[in-house]
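Please take these sequences and the hints and turn them into a complete structure.
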Amino acid sequence: MRYLLPLCLFLALGGFLWKGLDVNPKEIPSALVGHPAPHFALATVEDPHRFVTEQIFMGKVTVLNIWATWCVSCKAEHAVWMDLAIKYNLFLVGVNYHDDLKMAQQWLKAVGNPYVICIFDEAGKLGLDYGVYGTPETFIIDKAGVIRYRHVGSIDTQHWHSTLLPLIASLENGV
Amino acid sequence: MAHDIYPFSDPKQRDLFTKVIHELRCSVCQNQNLSDSMAPLAVDLRNEIYQKVKSDYSESEIVEFVTHRYGAFVLYNPPLQWNTAFLWFGPVLILAIGLFLFGKYLKKNKLAAF
Numbered sequence: 001m002r003y004l005l006p007l008c009l010f011l012a013l014g015g016f017l018w019k020g021l022d023v024n025p026k027e028i029p030s031a032l033v034g035h036p037a038p039h040f041a042l043a044t045v046e047d048p049h050r051f052v053t054e055q056i057f058m059g060k061v062t063v064l065n066i067w068a069t070w071c072v073s074c075k076a077e078h079a080v081w082m083d084l085a086i087k088y089n090l091f092l093v094g095v096n097y098h099d100d101l102k103m104a105q106q107w108l109k110a111v112g113n114p115y116v117i118c119i120f121d122e123a124g125k126l127g128l129d130y131g132v133y134g135t136p137e138t139f140i141i142d143k144a145g146v147i148r149y150r151h152v153g154s155i156d157t158q159h160w161h162s163t164l165l166p167l168i169a170s171l172e173n174g175v
Numbered sequence: 001m002a003h004d005i006y007p008f009s010d011p012k013q014r015d016l017f018t019k020v021i022h023e024l025r026c027s028v029c030q031n032q033n034l035s036d037s038m039a040p041l042a043v044d045l046r047n048e049i050y051q052k053v054k055s056d057y058s059e060s061e062i063v064e065f066v067t068h069r070y071g072a073f074v075l076y077n078p079p080l081q082w083n084t085a086f087l088w089f090g091p092v093l094i095l096a097i098g099l100f101l102f103g104k105y106l107k108k109n110k111l112a113a114f
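Chains as they are written, first to last, in the numbering used here: chain R, 1 to 175; chain D, 1 to 114.
To be clear about the criterion: a stretch of chain D counts as covered by chain R if any three or more of its residues have a C-beta under 8 Å from a C-beta of chain R, and this derived list gives those stretches: (1) 40–48; (2) 63–76.
On the chain D side, residues computed to face chain R include the following (Cβ under 10 Å): (3) 26; (4) 27; (5) 28; (6) 30; (7) 101.
Since the hints were derived computationally from the structure, they do not count as laboratory data.
This structure is a prediction, so every number in the text was calculated from the model and none was measured.
Using N, Cα and C, we set each Cβ at its ideal position, and we do this for glycine too.
This is the structure in structure tokens:
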């Protein structure tokens, strides 16, 4: 009986520490999941005279990938998108975040452009409205233009198969 | 420090700006607030908040603007919600347990008159 209290304290402390093992403070839940994709009107990297808005998300399941040429892990992730975009015929929209237009164009020309459209967000305005805080970030937006999922950090094929692909497939078939 | 880069003619607006950027957390460098952080995102948010203060937005409107995008996570002064209940009541709970044990200890040692 006299060991009951220390045991309880130990279990409580142990429980918190155990949970702490797999809590990633870098993963902040997006406040925007379940909300319509915020408005923007920005030029594209491919054609700086062409402006697009969030209307491009309508009617199809969009994968929105935020990247920049100064972002090292985006460069690593790029190869994954090159592969996935073709294999799954994705409506993959890029957002070039806080970047230089020339450098972005050169980069896409040099290593290939996996994006159907790549939005040029020089001032980080779209990034701010979408709650972007670390590139690369990936959003999945459904046919009605509602954000369904957000991932911070690189996508690898394992995560793609376990989470993104099933979600995209269910959004394609369903509502 | 921030006052030179963000000039205000109205001292009330300056106070509001200073208060808000001290109470909001930078999501990139999570142990800094928007006032301290030099992360590009913090700079963007400071500029945005500066414009909003200048345009006479209220404190709650500005906080709403930021939490709508970055969630309640960015609040250094967290609201009372189910998932912050332990944060708010935990210390009281622990104090109560401490007092209870202290009381028991006193009784056991016949110092209850104290």
